[in-house]
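Protein chains: 2
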Amino acid sequence: MGADTAAPPVQYPCEMCPLRARKGFRDFYPEELAFVSRFKKGELSVQKGATLLMEGSRNPHFYTVLSGWGFRYKLMPDGRRQIVNFAMPGDLVGLQGSLMEEMQHSVEALSSMLLCVFERKELYGLYRHFPRLAYDLTWMAAREEVMLDENLLSVGRRTAVERVAYLVASILDRAASSGLWPKNATEIPITQQQVADTLGLSLVHTNKIIRKLAERGLLKWVEGGCRVMDLKSLQRLARWEESTLESRPFL
Amino acid sequence: MGADTAAPPVQYPCEMCPLRARKGFRDFYPEELAFVSRFKKGELSVQKGATLLMEGSRNPHFYTVLSGWGFRYKLMPDGRRQIVNFAMPGDLVGLQGSLMEEMQHSVEALSSMLLCVFERKELYGLYRHFPRLAYDLTWMAAREEVMLDENLLSVGRRTAVERVAYLVASILDRAASSGLWPKNATEIPITQQQVADTLGLSLVHTNKIIRKLAERGLLKWVEGGCRVMDLKSLQRLARWEESTLESRPFL
DNA sequence: CGGGAAATTGACATTAATCAAACTTAGTGG
DNA sequence: CCACTAAGTTTGATTAATGTCAATTTCCCG
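Just so you know, the protein sequences line up as chains A and B, in that order.
Residues in the first sequence are numbered from 1 upward in steps of one, following this note's numbering.
Residues in the second sequence are numbered from 252 upward in steps of one, following this note's numbering.
Simulated from the structure, these hints should not be mistaken for laboratory data.
Just so you know, even glycine gets a beta-carbon here, dropped at the ideal spot from N, CA and C.
Here are the in silico distance ranges between beta carbons for each label pair:
{"id": "1", "chain 1": "B", "residue 1": "E294", "chain 2": "A", "residue 2": "K212", "range": "49 to 55 Å"}
{"id": "2", "chain 1": "B", "residue 1": "P311", "chain 2": "A", "residue 2": "E122", "range": "33 to 39 Å"}
{"id": "3", "chain 1": "B", "residue 1": "R371", "chain 2": "A", "residue 2": "K220", "range": "43 to 49 Å"}
{"id": "4", "chain 1": "A", "residue 1": "S247", "chain 2": "B", "residue 2": "A272", "range": "40 to 46 Å"}
{"id": "5", "chain 1": "B", "residue 1": "K434", "chain 2": "A", "residue 2": "Q47", "range": "47 to 53 Å"}
{"id": "6", "chain 1": "B", "residue 1": "L284", "chain 2": "A", "residue 2": "E102", "range": "27 to 33 Å"}
To give an idea of the interface, some chain B residues facing chain A are shown, with a C-beta separation under 8 Å as derived from the structure:
{"id": "7", "residue": "M327"}
{"id": "8", "residue": "Q355"}
{"id": "9", "residue": "L388"}
{"id": "10", "residue": "D400"}
{"id": "11", "residue": "G451"}
Starting from the given sequences, assemble the full structure and let the hints guide the process.
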């Protein structure tokens, strides 16, 4: 691709943030906007497959996803991996590490990503001067909790088929509302190994389940990912209902 | 402590809060203490087995656990249940419901519990006037996220034996640091059905695993719960390390 | 053309779920 | 004090789900 570090990268000024304009994201008050603009220290651009943050590390920054997507995961000493959630445009990355001593999970880019960079040590300033934004941060943390609860329900109590259906349905839902992909996109660029590590299944078994769903015409595996053919049926299979969320804050 | 209703219940004034005194909990500044004292609207006492909060409900309150313990869970339409986490002294209960429209999970008391009651609609006032407390709330939400990540890793990637070992070890760790039970208590009052619903296993299988661990002398099932005989071995089995947490905030 | 990452497949082993029943204990009312 | 019940635990037999192993295939890329 293009040039790398030498030339100063073009940055989105917060005033023209593509997210703020997006339906579903709340707008800032002028003074909040001004603050966030100062608060934002730069942009981070990473390649697909790059590790953004590592378990056990102490990163002086945290981020908001501007574009692209990634996933959070944990490893066991023997290499077993569990993907705990995904991060899409508007989502925070690394806030936990800013509050606690060190990161308790790693983050990897699933596509190339662009992120806004904030400084950990200025976080408390935000709390002192912009309670509304502080409240929003807590809101986002609570939203993460809700998603994790759902993932836990899925991994703990759904069958393999239901899990795949649930994963696909929920990713599509989130992607649409975050503007990750254009409105009616149905391609999920993900690897079967990643699906397996999200659902707590083995790669081989995951493959067989996917194959079964493909035979039933609900989805199709294409190069580099999953094409959803029949979202409604998948949602029904997963016994899952779309979340009707209110206007959503972000940083 | 004015007289108000018929029989005014005895309440812990925040000034004498037994939690604040506890090692591991951070202390308040005087003005914070005064605020929290006003913020606290009362106490809620519930029986073992009672449902504190229900998925889908809109509760005008949220809580801090003063004593006892409970669990958060989600249900599927067909009755499958997943316990997502436990709540012990110092933990928040129902904050998520105060930030979002409605509760996304239910909460049940595992023992009789005593909780401090706060008003949802006064929450934003806390953010405006006590940034430090607001920061603490976010910290606690982040801590919940860390625990959920760990549970997800456990349910997704640990074997049944490891899961039981992990559950027991982590409960004991949390209980000790929250002062749920006296320092070296090793009795966990929990039902095998609840263990199963936490770990994503069936009741029968859970029982067989527990039996096996009992044969190996790692634990013993006694009336009303689990007595831990060999914590070190269980920790090793779970490949789990005790969290060395800094001084911890609460409300 | 060779190499590597991802997907696929079949055979087989292991783990966990389901079914059905018995057992234990505490509480309840006669 | 004794059925009787209910909740929780235990067990064995059986079935179903999922994991592991070992190839093979496909396709992209240098």
